[in-house]
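*Asks:* If you read the sequence shown in our numbering, its first letter stands for residue 3, the second for the next number, and so on.
Any given hint might turn out to be false.
[Said to hold, decoys possible] Below, computed lysine-lysine pairings styled on DSSO-like, alpha-carbon distance capped at 27 Å:
| hint | residue 1 | residue 2 |
| --- | --- | --- |
| 1 | K133 | K108 |
| 2 | K51 | K103 |
| 3 | K151 | K184 |
| 4 | K133 | K184 |
| 5 | K184 | K125 |
| 6 | K51 | K28 |
| 7 | K51 | K108 |
| 8 | K39 | K12 |
| 9 | K151 | K133 |
| 10 | K125 | K151 |
| 11 | K28 | K39 |
| 12 | K108 | K125 |
Hints listed in this document are in silico derivations from the structure and should not be mistaken for laboratory results.
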Amino acid sequence: MTQKFEIGDKVEVLDEAISGRVVAIKNNEISIETTDKFTMTFFVNELVKTHNSNDLSGFFSTQSLTSVLKDKEAPKKRNFVKEKKSRKDEFVLEVDLHIEKLVPSKRGMSNYDILTLQIETAKRQLDFAIKNRMPKVVFIHGVGEGVLKADLDFLLGRYDNISFQDANYQKYGLGATEVYIKQNVK
Numbered sequence: 003m004t005q006k007f008e009i010g011d012k013v014e015v016l017d018e019a020i021s022g023r024v025v026a027i028k029n030n031e032i033s034i035e036t037t038d039k040f041t042m043t044f045f046v047n048e049l050v051k052t053h054n055s056n057d058l059s060g061f062f063s064t065q066s067l068t069s070v071l072k073d074k075e076a077p078k079k080r081n082f083v084k085e086k087k088s089r090k091d092e093f094v095l096e097v098d099l100h101i102e103k104l105v106p107s108k109r110g111m112s113n114y115d116i117l118t119l120q121i122e123t124a125k126r127q128l129d130f131a132i133k134n135r136m137p138k139v140v141f142i143h144g145v146g147e148g149v150l151k152a153d154l155d156f157l158l159g160r161y162d163n164i165s166f167q168d169a170n171y172q173k174y175g176l177g178a179t180e181v182y183i184k185q186n187v188k
């Protein structure tokens, strides 16, 4: 979330005990006049707006007193319907295949090395899930150019006892694949 600054805004500097008012804005640099009357320049991400403590209009509700009292009078009935969840839905193994999550530094690794590590990790985690009778695994691969997704689909296609599809878009976006492990397959 990027804050919008205007000339005259009261600001404070993050990680330093400096505050003042905005006097100039140029691209992503903001000049402020400190409370000690010095002019200093900072990047936008180093500043935070402060609000005038005398301006309390944002702190008070515009709700009328009668509506507040009416809410207080009538006790609301509580609903105790408990949603039942099956044991299968309790735990889902999520495996993030982004290279930054797998190694401390990818320096010196070729694209082939990175892809090989990601696919080996996916295979190892899938074998672990099958061995431990987990019903579902989600591989987070990201969108990118689709190379990792294509190799992951190829790997998953070699297993007989699983089915897979794109994961829940609302939860994972476009960059994840959901794998269902069929149990008791002989």
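*Asks:* Each hint needs a verdict: does it hold in this structure or not?
*Replies:* Taking the hints in turn, this is what the structure says about them:
no.	hint	verdict
1	K133 - K108	30 Å, violated
2	K51 - K103	34 Å, violated
3	K151 - K184	21 Å, holds
4	K133 - K184	12 Å, holds
5	K184 - K125	16 Å, holds
6	K51 - K28	17 Å, holds
7	K51 - K108	38 Å, violated
8	K39 - K12	14 Å, holds
9	K151 - K133	23 Å, holds
10	K125 - K151	13 Å, holds
11	K28 - K39	20 Å, holds
12	K108 - K125	20 Å, holds
Going through the hint list in order, the structure does not satisfy hints 1, 2 and 7.
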